[in-house]
Amino acid sequence: MSKQVELLQGTLDMLILKAVSLGGLHGYGVLLRLQQLTGGRLQIQQGSLYPALYRLERKGLITSEWGESENKRRAKFYRLSAAGRKQLKAETALWNDFSAVVAGVLRAVPGAS
Amino acid sequence: MRIWRRKQFEADMDAELRLHIESYVADLVRSGVSVEEAKRRARAEFGSLEASKDECRQAWGLQRLDELRADLRLAFRTIRRSPGFAAITVLSLALGIGANTAIFGVFDAVMLRLLPVREPGRLVFVQTAGTSGRDGPPYPLFELLRDQATTFEAVAAFSGSAMELTADRGRELARGMWVSGNFYEMLGVRPLIGRSLSASDDQTAGPEGAVAVISRAYWQQRFGGDPTVLGRTVYVNGHAVTIVGVIPAEIMSLEPGRPVDIAVPMAFSDPRQRRDRTALWLFVVARLKPAAGIEQARAESEALFRSFMAGVQILPEARKRLFDHIELAPAAKGLNGLRRQFSKPLTALLILAGLVLLAACVNMTSLMLARALARQRDFAVRLAIGAGRGRLIRQNVTEALVLVAISAALGIVLARIGDTALVAFFAEGGHAIVLDLSLNVRVLLFTLSLGVLCGLAAGIAPALRAARLDPAAGLHGGSRSIAGNRVSMKLGRALVVAQVALSMVLLAGAGLFIRSLRQLEKVDLGFDRVGVLSLEVAPEQRLLGSPEWLAAQTGILERVRQIPGVRSAGLTTISPMSGRDRGAFVEVPGFVPQTERDKAIHMAAVSPEYFETLGVPVLLGRDFTAADHGSAPKVAILNETAARFYFDSANPIGGKVRFTNYPRRDLVYEVVGVVGDSLHDNLREPVSRFIYLPVPQSVEPIRRIGLAARCAGDPAGLSEPLRRQIQSVHPGLLVTSVSTMEKQIGQTLLRERLVATLSMAFGAVALVLASIGLYGILAYGVTRRTNEIGIRIALGATRSGVVWMILREGLALTAGSVLLAVPVVLAIGQVAKASLYGVEPHDPLTLASAALLLLVWAAVASVLPGRRASLLDPSTALRRD
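Taken in order, these protein sequences are the chains called A and B.
All letters in the first sequence, in the order written, are residues -3 to 109 by this note's numbering.
All letters in the second sequence, in the order written, are residues 51 to 931 by this note's numbering.
Same shape as in the complex, but just chain A (with noise of 0.2 angstroms):
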């Protein structure tokens, strides 16, 4: 298993709406989508993660409904709404600005400028 990385304050809902935007899922399901997007490698607190499921929904970002999970079991599925495709759209801007920026100060080299 290669290294872990933690998780970035204030990223979580951005992942969960990346991860719901590929099709309906429920909480574990969210889990292990996020799991296998990457490889493992990102430490996600189990507990946090239906808080932040609760707090989106509220927002109106994501919505849900109960249906039947793979084993047959009652099961609550979330699926992205219009108004959290547009958040999650502007969060990915945001975030590549931001990455392109903080990753360009990072590379500098001393007398480069």
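In case anyone wonders, no lab produced these hints; they're calculated from the structure.
Don't be surprised by glycine CBs; every beta carbon is placed ideally from N, CA and C.
A couple of the hints might just be wrong.
[What the hints assert, rightly or not] Per the computed footprint, the stretches of chain B lying under chain A, defined by three or more beta-carbons under 8 angstroms from a beta-carbon of chain A, are:
#1 61 to 68
#2 89 to 99
[What the hints assert, rightly or not] Heads up, incomplete: computed chain A residues facing chain B, CB under 10 angstroms, no partners named:
#3 Ser44
#4 Ala48
#5 Tyr50
#6 Ser65
#7 Lys72
#8 Arg75
#9 Ala78
#10 Ala89
Knowing the structure of chain A, use the given hints to seat chain B on it.
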């Protein structure tokens, strides 16, 4: 709100989290971990399940709700723990809120409410106006407006009139109204049953003949709510009329407060009156077209009015007085007679009720403050273990609001009881005022906002106090060592001062109003009001003008005078204090009128012995006798004011008075007597000029006549024998308005009695509240000073000395507050001066009695804690910390 789905929320959340953990466990087991180990790891990696749930709840916005619920629970628990405190607070606040709601209900009904008709905002009254005011236009002008005005959608007319109504062989005087056929159509009033009137009913020869509609109240009370009343024929002033509909009672006319029994199309009213081009007896109301502005409508009406006036023969003076121009007045609230009559007393009562509420609010604040002090240790503990100050404030305010909510609910119940009494109060007597005081949104909103204001006001001071608390100090001490104590005591005293001052204002106000009423009741009327029975006799319509009616008048007097217990009796066309009045214009040789007004005089036709019956002295000349019959020389009697006005110091006997406002030119009467002045209608106004004529020589046909009988005993007991005797004179006579003179006078003082009675009740409530407040602060002081008092007693202070010490404190506090209140009383007195009678706003006697009353109550309220202090056992008192 998700509050109702709370259980569902919890179950769903639980299921979701469980699924997560179980799925994880299953996955772990699948990867080869033992079941036990998998379960352990799943739990550990998830973290605290409860913490996660809590965060979810918070994310969902449920935390505030939970806190509110906890606050409410705590509030109810504390209220239950000190029921005495709660009872006093709730009761006093409920009285305050109830008084305000009740008075505001009346205020709303009289002053604010729009007529329940279609689009009341587009209705206007069309009035002819001049220097002497505004009045409805004559009927021909109404017809002109109705038929030709283009800015109005419709123009309708109405006019109240007593109507003789015969149905089922019973005859009675109904409160009737003439209406133009389109009246109810224009207002958009739907009938309860049957049909309403329509424009075609203006023609006498409709398919159903003459028709009428009756009010719901009359339908219920006269016809027992029987639906077969439709199609029934009744006789109105002798004309057969078919009842075709029942109108919801409250919107029978546009006169708020005035009950109407039956409405008949104008076609059946007196045709002479309808043809008269200068008679003012109508109210005309019009509905503006949506596109028409009020100015445009006025201009058009004015033009029609000018063309109408071109064909009217009228004296230039009269034209200036009454027929100068047209004015339009908004009609959304109906005629404003009732509003004008009650706007001042109701405003005064609303202010007084507001003061009572303020006193109740202050009372609640000081009680809550005292309790916050008692719970200081409790608050300190909660602060010390980490409760937020915001939460403490919120909890206090919640508690106050809970108390207020209970009080408001109780207050509304009290207001309903009060309103029932008020409705009865207004409906009493011959000129009943019917008010609809059912609860409405406006009244409820008023109560609600009062309640919230009170709750916040009373809850915030103690809450802030609690929040400022230093937990260390609060935890340490007994009652003595708490840092904020002296400040709280000061605030508490300030509140009590405010309370006592408020009750001083209310008591002094009540005193002034009561004194005014007493003064008015004692006014010298110029006649003796005690023991006089008064009633009215109306003949059947067909008897009017017939010799039978004339004979009946003498017959009535003869019969009545024979009834045992009747000392004397007389007839008059205008009974004093009955609300009836009649005016005329006269010319007196040698008298030069300065203004048109100088020619005006009140007029009544009276029988011999009338003055004697009332106890009005004949000052000069003689009374009328039986010899002054219809064909005898015309004679008149003046009252003193009229005699002095027209004849100055000359002897009026033998002088000639000519009536100038009638077509006949020969109405010259010789003055044969002068009688003492007596008040006619308004106790507050000076005596007006009066001319009396003998009944058979009346200048106007007599349609009804008033009878006054002086009785040996209680006049009320004679009303039945009198009624029977009068009816036995002629079966066509109708006896109405039976009352005693004293009652009739009482009715003219309705407003004064309303204000005096209510302000007295308010004053009493304020007095009780002030005593509670005073008692509270003194009792608290005694508790706080237990050690000190213990030392005093130990050092030899006498019991009575201790009582006196506390009593002195209470009295000093009260006296100070009373002094503080005096300028406020004087200021309010100045404002209310116009409503007072025979008493100055700074009347020392009233102020002194109010102050004395307060001091006596204060003494009672202070002696109780004083006694408790004096009974302290010094050894126990000293050992207390």
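Consistency of the hints with the structure:
no., hint, verdict
1, 61 to 68, "holds (count 5)"
2, 89 to 99, "holds (count 5)"
3, Ser44, "holds, 7 angstroms"
4, Ala48, "holds, 8 angstroms"
5, Tyr50, "holds, 4 angstroms"
6, Ser65, "holds, 7 angstroms"
7, Lys72, "holds, 5 angstroms"
8, Arg75, "violated, 15 angstroms"
9, Ala78, "violated, 21 angstroms"
10, Ala89, "violated, 26 angstroms"
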